[in-house]
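Kindly generate the complete structure, drawing on both the sequences and the hints.
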Amino acid sequence: MTTYGVSVDDFVALQEVGKVLHPVLAKGQIVGGIAQAIGFALYEKVLWENGRMLNGQMTNYIMPTSADLPSIRVYFEEMGNVHGAFGAKGIGELPIDGPAPAIINAVGDALGVSFDAIPLLPEDIFDALEKHAGTACATSSSRRGQ
Amino acid sequence: MRYFFVTKGPMTKSSGDRSKLEIVLTVNNKVVKVRAHAMDRLLDVVRQELGLTGTKEGCGEGECGSCSVLMDGVLVNSCLIPVLQAKGTKIVTIEGLAANGRVCALRDAFLDCGGAQCGICTPGMILAAFHLLKKKPKPTAEEIREGLSGNLCRCTGYAQIVEAVMEAARRGVAT
Amino acid sequence: MRAYPADYELIRPGALTDVLLLLAREPGAWLPIAGGTDLMVQYAAGKLLGRKLVSIWNLPELRRIEVFPDEIQIGAACTYTDLRESEIVRDEFALLSSAASWTGGIANQNQGTIGGNIVNASPAADSLPALLVYEAELFLVSARGERRVPYTNFHVDYRKTQLAADELIRAVCLARRFSGYYAHARKVGPRKSQAIAKVCLAALGKIEKDVATDIRLAMGSVAPVPVRLTETEKALRGKRIVPELVRLASQTAAKEIRPIDDIRSTARYRAAVAGNLVAEFLERLGSQI
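Residue numbers (the working numbering), protein chains in the order written: chain A, 39 to 184; chain B, 50 to 224; chain C, 13 to 301.
Just so you know, these hints were derived from the structure itself, not from any lab.
Any given hint might turn out to be false.
[Said to hold, decoys possible] Below 30 Å or equal to it, Euclidean Cα-Cα: the simulated DSBU-like pairs (lysine-lysine) are:
#1 C:K64 to B:K139
#2 B:K184 to C:K204
#3 C:K204 to B:K183
#4 B:K187 to C:K204
#5 B:K82 to C:K64
Here is the structure:
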């Protein structure tokens, strides 16, 4: 464990959306939301001082670049919806909900340490491992981080 | 009720016009003469003096890439260039790049693959992709991600942008 | 944009001699600007001290790489892209090549310059640890003449250098004696691109059998200036690279640096990662035999 950093190497999303009306746009919405959620989970810390945001610039508010995100794989289930056009449901808000818990749970599973706050920064992982010194690093997993 | 619309030039505290210079540069293949302060940002001159609003301001600090233009064929962030340093150079904005069916392979690939959602990053992305494909006509996905890493996008998560550039590379970029 | 362009003056004399004469006439009054990747950010934030700038962007005397039998001289206005595209920099000074490749995105690399990186003097600058381990020298020019100084002491404090008020860096001089070294660099930042380093390491090693005959380590973001880890180097030189030594070196490095808590990271994290980076380098060096 060198940098205690986590990067998402692969992400699979299965979304039940009622009916896919436009596959390209639908996929775009899901991938976009997941990208935001990965940022939410691992990168986008808001720093406050006396009620002001300290890091409100693109230089120091860290959102993922194209180099940080994997190819995100999206699959749809279509189970219809009596209220929506052609059976579609709204999907815009949906994709940002699940990824952060999934990622934090994965990191927890890999390290044998439980985390309950986001964003989970390398500094937080380092601090947690220091607390559990000796036992945490024994867990080996392919998703352990770098 | 009367409405006043101020559209020209950044706000100036002092008299302003006195310290403006005449600066000659080529923009999208046309020689233009602008009256601007030496320290007016190329971004502002392009948008406000020349009315070319395809180039966007996303951050004003060279981080997001939405202000990308080509200066003598090289990709640069126009928010970081005082217009005096662009004097005598050849600037290409997205309007110039897309003229006459150039980059139609990129444009069509972006449309087909969903590479644009809100569209703010798109001009910069197309310019960065064009710049990359000129140097590497058949890039890998990783090379595309690296080449576009200076262009931030909040909507797409980059996946369909990378697909679009791959697809454009496959189809062959019109130059 | 928090600056009024009309309040600023920018001139472009176009020749190095004219710029130097200007700086000599009014030392400290004119701020040289090259690629603008640091200064224009300050300007847009309304934080640029001084209202007069003189452009040194693209001056031919400053933007060339000269190759001599025993050294190369990299013009101060060479961009990171110029460094990346230079065969000799790639082949003989790989640490500088890597640093250039992770300084911002492509557009920033096309504009930012090595001279700007040095003079801006941020402790987090990507190229500076490489200059330390290569023991670079700086060719400084002014209307008074030229002088050559080792880079080692040039960066005196946080954002302060030994550059005189009427001086410019003309070139960075690198001795061509590092081809036989194993070169390793790593930058740890908050993301994989467009990031300011939390810790970065530039390292060179020479190993015979399993003995380290020479070790050079420099780090950024762990002190007010980029630092050579002289204590850690001393502990390693002439010794066999074995796990106990790697552990000792790791601990020495973590203790030798002076990291702080700041907007990007914490002192404890930086110290731990610094030690880990040194260990990683030594393990890779050891596997070269």
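Evaluated hints:
Between K64 (chain C) and K139 (chain B) the alpha-carbon distance is near 26 Å, which keeps this suggested pair within the 30 Å criterion. A C-alpha spacing of about 22 Å is found between K184 (chain B) and K204 (chain C), which places the hinted pair at or below 30 Å, so the restraint holds. Proposed proximity of K204 (chain C) and K183 (chain B) is supported: the alpha carbons are some 24 Å apart, at most 30 Å. In summary, the hint linking K187 (chain B) to K204 (chain C) is supported, as the alpha carbons are separated by about 23 Å, within the 30 Å threshold.
The hinted pair formed by K82 (chain B) and K64 (chain C) meets the criterion: a straight-line CA distance of about 24 Å does not exceed 30 Å.
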